[in-house]
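Peer 1: Below are the chains, spelled out letter by letter.
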Amino acid sequence: MLLIIIIILGVSLLLYTLLGGADFGAGIIEIFSGTRGEKTVSKAMAPVWEANHVWLILAIVIIFTGFPTVYATISLYLHIPLMIVLLGIVLRGASFIFRYYDESEDKAHKYFTVFFKISSLVTPVFLGIIIGAMTGGKININQETGFFERFIFPWLNIFCITLGLFSASLFAYIAAIFLVGETSNPAERKRYARLAKIFLITTFSLGLCVFGAAKWEDLHLWKDFISSPLSMITFGIAVLLIPAIFFLFDHPNILYLRAVIGFQVTLILLGWFAIHYPVLVYEKNGNHLDFFTTRAPDATLYQLVIALLVGLVLIIPSFYFLFKVFKKTKD
Amino acid sequence: MDDLSAARLQMALSLGFHIVFACIGMIMPILMAFSEWKWLRTGKQVYIDIAKAWSKGAAIFFAVGAVSGTVLSFELGLLFPEFMKHAGPIIGMPFSWEGTAFFVEAIALGVFLYGWNRLNKWVHWGSGIVVALAGIMSGIFVVAANAWMNSPKGFDWENGKAIHVDPLAAMFNDAWLQEALHMILAAFIATAFAVAGVHAFLLLKKRKSVFHKTAVQIALSFGVVAAFLQPLSGDFSAKQIANKQPAKFAAMEALYKTSKPADLIIGGIPNEREERVDHAIHIPALLSYLTYGNFNAEVKGLDQFPKDERPPVMVMHFSFQVMAGIGFLLAFTGLLFLLFSLFRKRVLSKRGWLIFISLLTPLGFLAVEAGWTVTEVGRQPWIIYGVMKTKDAVSAMPGLQYSLYAITVIYLLLSVLIFWLLRKQIANVATHYPSARTEND
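Line order of the protein sequences matches chains A and B.
Take the first sequence: its letters are residues 1 to 331, numbered as in my numbering.
Take the second sequence: its letters are residues 1001 to 1441, numbered as in my numbering.
There may be inaccurate statements among the hints.
As the list claims (entries may be wrong) - Straight-line distance between alpha carbons at most 30 Å, and here's what the computed BS3-like set of lysine-lysine pairs gives: (1) K284(A) <-> K1161(B); (2) K1208(B) <-> K1424(B); (3) K1257(B) <-> K1153(B); (4) K1153(B) <-> K107(A); (5) K1121(B) <-> K39(A); (6) K1121(B) <-> K1052(B); (7) K43(A) <-> K1052(B); (8) K284(A) <-> K1205(B).
Said to hold, decoys possible - Label-pair ranges, simulated between beta-carbon atoms: (9) N142(A) <-> E1158(B): 37 to 45 Å; (10) E105(A) <-> P1381(B): 50 to 58 Å; (11) R1351(B) <-> I316(A): 31 to 39 Å; (12) S1415(B) <-> H109(A): 15 to 23 Å; (13) V313(A) <-> V1347(B): 47 to 55 Å.
Unchecked claim - Some chain B residues well away from chain A (every beta-carbon gap over 10 Å; in silico): (14) K1056; (15) E1098; (16) A1331; (17) S1403; (18) L1412.
Please keep in mind that the hints were generated in silico from the structure rather than gathered at the bench.
Ideal placement from N, C-alpha and C gives every residue a C-beta, glycine not left out.
Take the sequences, apply the hints, and build the full model.
Peer 2: Okay, structure coming up:
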């Protein structure tokens, strides 16, 4: 039962990374593609972005229902980055929809675009920072220590920031690939393909930096990584896919490229998950919170599984329908 | 500002902001689907124009509702981590169902808002119905979670821990039905009267517009039915509160002393020090009758509770009266609408009536805010009634007021921008929709 919940949590986070990631990433891509890309981004994202973000809500509901101590701990000690993520989500969603429905091309339209771009960049950086802080082993629950030691330094450090930049770059990469298939203008396709390649290389380099930072800060992450064969294999394959991806850019059917990228991101997340499993939060004092010790009572988990399974039966076909309606190639 | 007040204010602000969008998000799909259905049946252009014009405005509210709802799901923990640590497993079930319902709603909404030209007409209409149903379901689930805080059930509390957790019993607690019913009806009333009010205002400027006239009629028809039912649902709720949360009941009725029989106290200014209500109208024994159906029943007053377990009477009594007063005014308006529709049809396009309807625009939402104030402030000092106090649940992080400031600034900014965008959309209605034009255009 617990395993089903963990799998669904993993799948939600994966889909959030892919779909929500494409969504945030589209804003980052717009920073680089300028106003020329605005129409494509708006058209591609408007029908789906709200649904894409529900994966995050689903993940957070699973955490607070199934693993309440984890939720309580991160919301106390990571209050500041979480609050920034929330403000980012609000500003991003609002400025996107305001821009979409603001019919005139006036000054306000430009401000909405600026807010949209900034919040699209800042939010994923802080999402990465939060993941970094959970796994970095610096969460400090010692009440004797000062404000900065408890509420700032656990997330404001080189490792977390590198992971934050990695996340933003990964999202931009996913978005660029996604956008290649969302426009029929050859010049625009070329531009997105170029950005996708750039962000692929950036993401790979930042990924190396994440492990570099982990080693430099002497985090347990490094030792855990080299003792986890599954993560080494998945990360290895993800890296080996890079040349194949470069090759696939020239393939006329964009679906192959999308499928490979989806597989690659799945491997990255799976590898990351495998390093830590079953731990969710590492504390500075050496303790950790894992799926087993923080699990809710069985009665709760049982009801949660029912709700999630019924939910998925309803959600997956409707998601398929939504994408089928809007994502079919237009002639 | 101390951290407890900051956390409570931030929660109040976030809920108060979100609830407006949630109500609109729940009810607009029903109004739009109804208008589209009329179009499918009659083929009249005006109905499809109205549905499309509404969907553009509603899209903005949906989006802001979705993101402000995401904020809430995190804020519960950010502001009250101790609460969520214990409550999460108990009320996680309605939240997970709410998540499912909201998911379906968001997907169907994408189809509905952006699929006008891509789908079979009836399939499109069906997606609107799915949005409406899923929206109402998610409203019911999330209110059930709140009802549990007021009327906790489904666990035993021992040594500061919840044991024997039964999520089903927690969800179907003693207050869920009353609260959900009252909230859904309130959402209908607030949204429908606001929509009718805006179109009545526009109709004042363009008296011959069939577009605005039809819109007023559709919206009012829904608002009126709900407004008639709401006093009954209010009575149902009040009896439950008198029974299970007597301190809240006494505070909202400003009943300081346990009385047999108890007067209904209307208006007045509660005087906390002297424990009496100045300048109020007393209707003898009516409170006893309303609560227990017996003119001689005893009603518990605030004197039954230690001072530190009483909610603030001033806020409670005032909010309650605002809510109930508006409720009755709107029900009365509904009665007038019904009578005019049956006997004096032309009164409905008279200037006076239109001015009256447009003045009602914000009142439904004011009542919703006042009602939530009664629910939430009335539970204080408890966060889980009788189990955990709010001050024991608040986050240990110092400086919570800075989150409050940030949220306040952003929500204010969003409110101004939404108002501005809607005005722009409304100004463009005549250019987009033929049926909104009159010969003067």
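Peer 1: Are there hints from earlier that the structure breaks, and if so, what are their numbers?
Peer 2: Of the numbered hints given earlier, those the structure breaks are 4, 8, 9, 11, 14, 15, 17, listed in rising order.
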